[in-house]
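K.L.:
Counting in our numbering, the sequence shown runs from 1029 upward without gaps.
Since the hints were made in silico from the structure, they are not lab data. Treat the hints with care, since some could be wrong.
DEER-style ranges, computed between Cβ atoms [said to hold, decoys possible]:
{"#": "1", "residue 1": "Q1213", "residue 2": "R1490", "range": "34 to 40 angstroms"}
{"#": "2", "residue 1": "T1121", "residue 2": "M1043", "range": "39 to 45 angstroms"}
{"#": "3", "residue 1": "Q1383", "residue 2": "S1502", "range": "18 to 24 angstroms"}
{"#": "4", "residue 1": "N1500", "residue 2": "L1087", "range": "38 to 44 angstroms"}
{"#": "5", "residue 1": "Q1213", "residue 2": "A1313", "range": "41 to 47 angstroms"}
Heads up, the beta-carbon is just placed ideally off N, CA and C, and yes, glycines get one too.
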Amino acid sequence: MALAALIAGLVAFVMVLRVLAAERHALQVIKVAQDAMGVITDPDLSDDIKEKSIQRASLSLMKTFFILLAIGVAACVAAALFVLAGDALDLFTTDQVMAIATSWSFILWSSVGAIVLWVLSGKLKKRSPQADTETAEDATASREEVPYSAIDKALHNYAFSSPSRQIALSSFEDKLWKRTLAETQVGKPVFVTSLPRAGTTILLELLARQEEFASASYRNMPFTMSPLLWGRFSSMFRKKGEKSERAHGDGIAVDFDSPEAFEEMVWMAFWREHYTDKGIKLWGAEDRNPEFEEFLSRHMRKIVASVPGSQRYVSKNNANIARLPLLDAAFPEAQIVIPVRDPASQISSLMRQHQRFADLHSRDRFARQYMEGIGHFEFGAALRPIAFPGAPQGTEGAEHADYWLRYWIAAYEHVLSTAPAESAFVDHAALSRDPETQLPMLAEVLGVEHREAFNAASEMFRAPGASPELPNASADLVQRANDLYAQLQERAL
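Can you build the whole structure from these sequences, using the hints too?
P.N.:
In structure tokens, the structure reads:
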């Protein structure tokens, strides 16, 4: 009877915890703590707001603590009632109960039984109609949110807040992987650059698929300047996920291993004065910085070392069109690939993305912080136009087609006048329409080793549709853009 009373008490203990929602309250503690950490590390919040938020979090945690304490007491009382009742009825003695309860066999099997009972009771609860409705609503809500937890946001803000900290961490990494880096053979790097929406992403994915190329990936976030050290550390809690559409809503699916553009974080760390509230200043061939050039060269070597079997670094960095002469002077062996797209299609896409991210940034402050943290100043509240000669200053008028037409014209006039002669211009429309012809030419220019695999990637491309009409666009700007596009096509493969 003593054993039966203990088992009944164990069941009562578990069921009281389940009925009184102990799990939900415990998860609330974690959520409040994570949110508080996110507030503390948020660079956009004042100290007063942070102090008030932490005070509210402290009160919430104290309240939840007493709730959990009360639930625990109630569960213990429920379990004890069976033992006390049996003792009162002279069915067994307390000493008999304690002898069984403290035996290793009972401790082991009661622990296993409690876990099984907890899991089964949770599954039964989820099968109820109300639980199904709540689960569906939670799933829908989670899909609508930016896929970063409060801990993730806090970690990203911590990493973004101090470029000098990232540089110091990278220097520490240099010492740990000194031998590996010395033994890593690195070939000619490839820089893919153009204004956004020109086809830079698909070219990056094309090259990153080839075993000889290595690119930064989402795995490197948020400590992108220490890919080896962070990769080793984060592997202990590495996530696996299916590919899902990226925030651009353009049909491109990504996962943690997808290549991405994080190189700009290195430029921001060494050239802070080039990034102003109104825009980004240009670089010239004379803007040499030996410390930066050595750091970026070492960073490229690290990316290659982090991808087994690779020999060449490849990056996508839209802002590199602001510094083509410097890239040529600092890295003369590098190959620069510049995709170009018809202005109407590209500008229409730029306007859609700007509106999309403006809406996202108005609803989610971290989404803007993330974009600015990785140096993506192309859209939304994060927009900072590059100061090409003749380009719009600031963001006023960015909702109109003429703004983007002027920006497009200024950007590609600058590209035509500053791109090294060896740069590979790629017509996005021609590549999409006839990859069987374009891919071999690109492979030849870049010196791709495994041509057969490279040329077989034609399934990545789809023929483009007709160019759209730009709403309320000035006819003279449209004509100038089309004439400039014709010149760009003449430079293309």
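K.L.:
Confirm or reject each hint.
P.N.:
Outcome of the hint check:
| no. | hint | in the structure |
| --- | --- | --- |
| 1 | Q1213 - R1490: 34 to 40 angstroms | holds (36 angstroms) |
| 2 | T1121 - M1043: 39 to 45 angstroms | violated (26 angstroms) |
| 3 | Q1383 - S1502: 18 to 24 angstroms | holds (20 angstroms) |
| 4 | N1500 - L1087: 38 to 44 angstroms | violated (53 angstroms) |
| 5 | Q1213 - A1313: 41 to 47 angstroms | violated (28 angstroms) |
The structure shown violates the earlier hints numbered 2, 4 and 5.
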